[in-house]
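Those sequence lines, one after another, are chains A and B.
Note that the first sequence covers residues 1 to 278 in the numbering used here.
Note that the second sequence covers residues 279 to 592 in the numbering used here.
In case anyone wonders, no lab produced these hints; they're calculated from the structure.
Cβ coordinates follow ideal geometry from the N, Cα and C atoms, glycine included.
One or more hints might be untrue.
Each pair of labels, with its calculated beta carbon distance range [to be verified]: (1) B/Asp455 / A/Ala29: 55 to 63 angstroms; (2) A/Met59 / B/Asp455: 39 to 47 angstroms; (3) A/Phe137 / B/Gln493: 55 to 63 angstroms; (4) B/Tyr548 / A/Asn56: 14 to 22 angstroms; (5) A/Tyr263 / B/Pro412: 32 to 40 angstroms; (6) B/Asp512 / A/Pro60: 36 to 44 angstroms.
Which residues of chain B face chain A? A partial, calculated answer using Cβ under 8 angstroms [stated by the list, open to error]: (7) Asn338; (8) Ala348; (9) Gly350; (10) Lys351; (11) Phe367; (12) Glu368; (13) Ser373; (14) Ala406; (15) Thr410; (16) Thr470.
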Amino acid sequence: MEAELKKELEITACKVRMGIIEGVHSAKAGHPGGSLSCADILTYLYFAHMNVDPKNPKMPNRDRLVLSKGHAAPALYSVLAQKGYFEVETLKTLRHIGSILQGHPDMKHIPGVDMSTGSLGQGISCAVGMALSSKHFGDNYNVYTVLGDGEIEEGQVWEAAMFAANKKLSNLTAFVDYNNLQIDGTIEEVNSAYPIDEKFKAFNWHTITIDGHDFEQIETALKEAATVDKPVAIIAKTVKGKGVSFMENQCGWHGVAPNDEQYEQAMSELNTALANMQ
Amino acid sequence: MSDIKTVATRAAFGQALVDLGKERDDFIVMDADLAAATQTGKFKKEFPERFYDCGIAEQNMVSIAAGIAATGKKVVCSSFAMFAAGRAFEQIRNSVGYPHLDVIIGATHAGISVGEDGATHQCNEDIALMRTIPGMTIINPADETEAYLAVKAAFEHKGPVYMRFGRLAVPVIFGDDYKFEIGKGVELKEGTDVTIIATGLMVNEAMIAHDILKQEGISARVINMATIKPIDKDIILKAARETGAIVTAEEHSVVGGLGSAVSEVVCEEYPVPVVKLGVYDEFGHSGPAVKLLDEFGLRGANIAEKAKKAIAMK
Numbered sequence: 001m002e003a004e005l006k007k008e009l010e011i012t013a014c015k016v017r018m019g020i021i022e023g024v025h026s027a028k029a030g031h032p033g034g035s036l037s038c039a040d041i042l043t044y045l046y047f048a049h050m051n052v053d054p055k056n057p058k059m060p061n062r063d064r065l066v067l068s069k070g071h072a073a074p075a076l077y078s079v080l081a082q083k084g085y086f087e088v089e090t091l092k093t094l095r096h097i098g099s100i101l102q103g104h105p106d107m108k109h110i111p112g113v114d115m116s117t118g119s120l121g122q123g124i125s126c127a128v129g130m131a132l133s134s135k136h137f138g139d140n141y142n143v144y145t146v147l148g149d150g151e152i153e154e155g156q157v158w159e160a161a162m163f164a165a166n167k168k169l170s171n172l173t174a175f176v177d178y179n180n181l182q183i184d185g186t187i188e189e190v191n192s193a194y195p196i197d198e199k200f201k202a203f204n205w206h207t208i209t210i211d212g213h214d215f216e217q218i219e220t221a222l223k224e225a226a227t228v229d230k231p232v233a234i235i236a237k238t239v240k241g242k243g244v245s246f247m248e249n250q251c252g253w254h255g256v257a258p259n260d261e262q263y264e265q266a267m268s269e270l271n272t273a274l275a276n277m278q
Numbered sequence: 279m280s281d282i283k284t285v286a287t288r289a290a291f292g293q294a295l296v297d298l299g300k301e302r303d304d305f306i307v308m309d310a311d312l313a314a315a316t317q318t319g320k321f322k323k324e325f326p327e328r329f330y331d332c333g334i335a336e337q338n339m340v341s342i343a344a345g346i347a348a349t350g351k352k353v354v355c356s357s358f359a360m361f362a363a364g365r366a367f368e369q370i371r372n373s374v375g376y377p378h379l380d381v382i383i384g385a386t387h388a389g390i391s392v393g394e395d396g397a398t399h400q401c402n403e404d405i406a407l408m409r410t411i412p413g414m415t416i417i418n419p420a421d422e423t424e425a426y427l428a429v430k431a432a433f434e435h436k437g438p439v440y441m442r443f444g445r446l447a448v449p450v451i452f453g454d455d456y457k458f459e460i461g462k463g464v465e466l467k468e469g470t471d472v473t474i475i476a477t478g479l480m481v482n483e484a485m486i487a488h489d490i491l492k493q494e495g496i497s498a499r500v501i502n503m504a505t506i507k508p509i510d511k512d513i514i515l516k517a518a519r520e521t522g523a524i525v526t527a528e529e530h531s532v533v534g535g536l537g538s539a540v541s542e543v544v545c546e547e548y549p550v551p552v553v554k555l556g557v558y559d560e561f562g563h564s565g566p567a568v569k570l571l572d573e574f575g576l577r578g579a580n581i582a583e584k585a586k587k588a589i590a591m592k
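Construct the entire structure; sequences and hints are all you get.
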């Protein structure tokens, strides 16, 4: 990866994280932890990989992204805002009455959102449907989905995985945001879906395990995925709350908004990080 | 009875898909390992490359259908009513209903007339479940003719459509001149003393009830209410004003189905007695379909009794 692109992506991802904190703080509710953990994956997809056009959000043959872990909506919204689908200022209306930015992704009202999600396990099936549609009608676009590691406890995920492999949906790539934390505790404590890669392999997917915060590894994985004649699961090891020191690896930051003091500290940390990048 | 042609509405569903398949290639049909029973197998045989079997995974099937629809394509997914409306309820609610996607859900084997399979497969709750989803259209056709026309109409409709079909062969009551329109009830018999509003296979029973009542000097209007949502308020209120008493007849629970939908309209806008005939908040059981219809009181004679009760309450 060129150093310039990497730097640009890091700067964008930092701004995305600031947007997450702005949104969740303004909403006084939401899911900062799992949003921060998948921020780099979403940033890479929208800024370096997917064929999308913010000026034409419904471009018929665009690549699609389904945020199966819909509660990470603040991350998706922040990426879409940075990409120019709507104003960054709009992030401050997250979860407010009258805002387009619903608590979970709403395809009817938010430019750039390809599927309404939020009920876990359904998004990957919707992504499978899109990938099937692309192949069936010869439209030749790719479909990406981001799952939570807790989310894959949902049985529907495996129904979708079985079908996608059976139909050889090579245009489908699923990221698993592997941060090892869900609401009630660590993944092992609650109901371990580990080993994740072996499970997807058993369902006849190609799997790649990476550091989900390393843009070079994300890039390499997506290049490999493009060469495989199967659906691909990219198991992305991540840190819940990544980028805000006191939120990192803390289960408690799954679904809680920062208070004013915590907000100031988080933004201060992110501003410092941004200044160092620039 | 031997001269009356009987056809299951599911068969008309399958035939309509085949005929639509010959007219257009912009849609996909899906099933969950029940293609032979739901009759999507007819489409599968004719257009194997346009048919996808999801296997025994209805929740996945419905969400896949939502994904296909989200790409701007038309899609039909089919299973038994129990597993479509029941098992995949939340997928229909969140993946299809909330984004108001153009998914047609072809739910067959609805109601008690599933017969021998028994209670686990006799879905008497699907209309109630689907009615709670904002923007959902629910169509429960009465016979082969209407089922065929309703499938074609669903293809022209924007937004999700839940279509309810039966396993049992039922009399064909409508001719080639029958017109079907989503959201419109149809008055089949004029009447002034009471109105029978029926849906699905109970429409034929309502016609029988009309004749029974006529012999007793009672003039019963009969309305076929194929579309249960959005309900045709105008035809209900007209019946309430003009006949002053209503009986609803459905092969479905009296909790949340047609009877509830009619009652909601009547109670709020022009209160008259409404007597509901349906399955009275109990599970079904195994047996031949026609015997179960007798046992559960889903016959013209039962409707006629309810009609007299409604008239007495005026």
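Hint by hint, here is what the structure shows:
{"no.": "1", "hint": "B/Asp455 / A/Ala29: 55 to 63 angstroms", "in the structure": "holds, 58 angstroms"}
{"no.": "2", "hint": "A/Met59 / B/Asp455: 39 to 47 angstroms", "in the structure": "holds, 46 angstroms"}
{"no.": "3", "hint": "A/Phe137 / B/Gln493: 55 to 63 angstroms", "in the structure": "holds, 58 angstroms"}
{"no.": "4", "hint": "B/Tyr548 / A/Asn56: 14 to 22 angstroms", "in the structure": "violated, 50 angstroms"}
{"no.": "5", "hint": "A/Tyr263 / B/Pro412: 32 to 40 angstroms", "in the structure": "holds, 36 angstroms"}
{"no.": "6", "hint": "B/Asp512 / A/Pro60: 36 to 44 angstroms", "in the structure": "holds, 40 angstroms"}
{"no.": "7", "hint": "Asn338", "in the structure": "holds, 4 angstroms"}
{"no.": "8", "hint": "Ala348", "in the structure": "holds, 5 angstroms"}
{"no.": "9", "hint": "Gly350", "in the structure": "holds, 7 angstroms"}
{"no.": "10", "hint": "Lys351", "in the structure": "holds, 5 angstroms"}
{"no.": "11", "hint": "Phe367", "in the structure": "violated, 11 angstroms"}
{"no.": "12", "hint": "Glu368", "in the structure": "holds, 6 angstroms"}
{"no.": "13", "hint": "Ser373", "in the structure": "holds, 5 angstroms"}
{"no.": "14", "hint": "Ala406", "in the structure": "violated, 21 angstroms"}
{"no.": "15", "hint": "Thr410", "in the structure": "violated, 16 angstroms"}
{"no.": "16", "hint": "Thr470", "in the structure": "violated, 46 angstroms"}
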